[in-house]
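K.L.:
Chains A and B, in that order, give the protein sequences. Heads up: the first sequence is residues 1 to 119, going by this note's numbering. Heads up: the second sequence is residues 1 to 119, going by this note's numbering.
A few of these clues could be false.
Residues from chain B that face chain A, not an exhaustive set, calculated with beta carbons under 7 Å [stated by the list, open to error]:
hint : residue
1    : Met1
2    : Ala3
3    : Gly26
4    : Lys73
5    : Leu118
Using C-beta positions, here's what the derived DEER-type ranges look like [to be verified]:
hint : chain 1 : residue 1 : chain 2 : residue 2 : range
6    : A       : Met1      : B       : Lys102    : 24 to 34 Å
7    : A       : Ala3      : B       : Glu4      : 48 to 58 Å
8    : B       : Ala3      : A       : Ala3      : 45 to 55 Å
9    : B       : Asn50     : A       : Gly101    : 21 to 31 Å
Covered by chain B, according to a simulated footprint, are these stretches of chain A (three or more residues, beta-carbon under 8 Å) [claimed, not checked]:
hint : segment
10   : 50 to 63
11   : 68 to 78
Quick caveat, the hints were computed from the structure, so don't treat them as lab data. Quick reminder that beta carbons are idealized off the backbone N, C-alpha and C, glycines included.
One-letter residues, chain by chain:
Number of protein chains: 2
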Amino acid sequence: MFAEILREIVDGTAGGIGAVLMGYDGIAIEQYFKPCDGVDLQMVAVEYSNVVKEIKHTVDILNTGAMEEVAIKTERFYVIIRSLTEEYFIALTLQRDGNFGKGRYLLLRDAQKLVAALS
Amino acid sequence: MFAEILREIVDGTAGGIGAVLMGYDGIAIEQYFKPCDGVDLQMVAVEYSNVVKEIKHTVDILNTGAMEEVAIKTERFYVIIRSLTEEYFIALTLQRDGNFGKGRYLLLRDAQKLVAALS
Chain A
1 MFAEILREIV DGTAGGIGAV LMGYDGIAIE QYFKPCDGVD LQMVAVEYSN VVKEIKHTVD
61 ILNTGAMEEV AIKTERFYVI IRSLTEEYFI ALTLQRDGNF GKGRYLLLRD AQKLVAALS
Chain B
1 MFAEILREIV DGTAGGIGAV LMGYDGIAIE QYFKPCDGVD LQMVAVEYSN VVKEIKHTVD
61 ILNTGAMEEV AIKTERFYVI IRSLTEEYFI ALTLQRDGNF GKGRYLLLRD AQKLVAALS
């Protein structure tokens with residue numbers, strides 16, 4: 001059922017490339033990726049989990065309230081990360097010309113469904 | 001002149017709290033902060049520089065194109081980070097009910113001015 005939700009998010013977002021449901025320990029529960037030239041998207045997800053872990057740690061010690069969302073824009077991609085629980089987050093990668101707002105909305109819309117399925 | 005640009009960005013963004021022009025080595029060139037209860041905003045900026053350094057490193061090794069922008073949403077704040085040069089970035093912190101879009105726009109608008117002043 002995780003796979004189904006991930007697929008819906010990626011296919012429902014123009015320019016969507018892949019999504020991964022992952023623990024802050026860097027271990028993926030489920031993922032759905034379309035093929036993409038020149039970039040190992042699985043590696044992208046794993047590497048970003050280190051970044052997210054670092055952000056979460058920073059947010060925790062700074063007393064700025066729990067981390068909810070991180071958006072990273074590079075020359076080629078958008079990566080949108082949404083925190084789900086203390087242990088898990090979801091990351092969506094899309095093309096730079098993709099529909100960032102739609103991807104963000106779908107992550108938000110399905111977050112509760114994923115949280116419920118995780119517990 | 002850096003101080004003037006930072007002040008304009010913070011005061012021009014509803015909910016703007018502070019901005020810092022900083023090196024990826026964590027050393028600030030200039031900053032402008034309004035007082036904010038319960039949070040050491042200078043510490044926020046320094047801590048986020050570690051995060052940004054980590055993201056930059058990740059982006060570099062992943063071949064996803066240069067990092068342009070990072071947006072972090074927590075329960076209390078937004079932090080918007082814009083890469084300026086290989087060495088420097090600017091970070092804007094605003095209240096959660098602040099005008100995220102305006103802050104993002106002002107960072108983008110003044111990025112070239114800051115890059116020119118940095119070189």
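K.L.:
Each hint needs a verdict: does it hold in this structure or not?
P.N.:
Hints, verified against the model:
1. Met1: Since chain A brings no Cβ nearer than about 27 Å to Met1 of chain B, farther than 7 Å, the hint is violated.
2. Ala3: Violated, because the Cβ-Cβ distance from Ala3 of chain B to chain A comes to roughly 24 Å (cut-off 7 Å).
3. Gly26: violated (12 Å)
4. Lys73: holds (4 Å)
5. Leu118: violated (20 Å)
6. A:Met1 <-> B:Lys102: 24 to 34 Å: violated (40 Å)
7. A:Ala3 <-> B:Glu4: 48 to 58 Å: Holds, since Ala3 of chain A and Glu4 of chain B (Cβ atoms, about 52 Å apart) stay within the stated range.
8. B:Ala3 <-> A:Ala3: 45 to 55 Å: At roughly 51 Å between Cβ atoms, Ala3 of chain A and Ala3 of chain B fall inside 45 to 55 Å, so the hint holds.
9. B:Asn50 <-> A:Gly101: 21 to 31 Å: holds (29 Å)
10. 50 to 63: n = 9 at 8 Å, threshold three: holds.
11. 68 to 78: That given contact holds, which follows from 10 residues of the segment 68 to 78 of chain A lying within Cβ reach (below 8 Å) of chain B.
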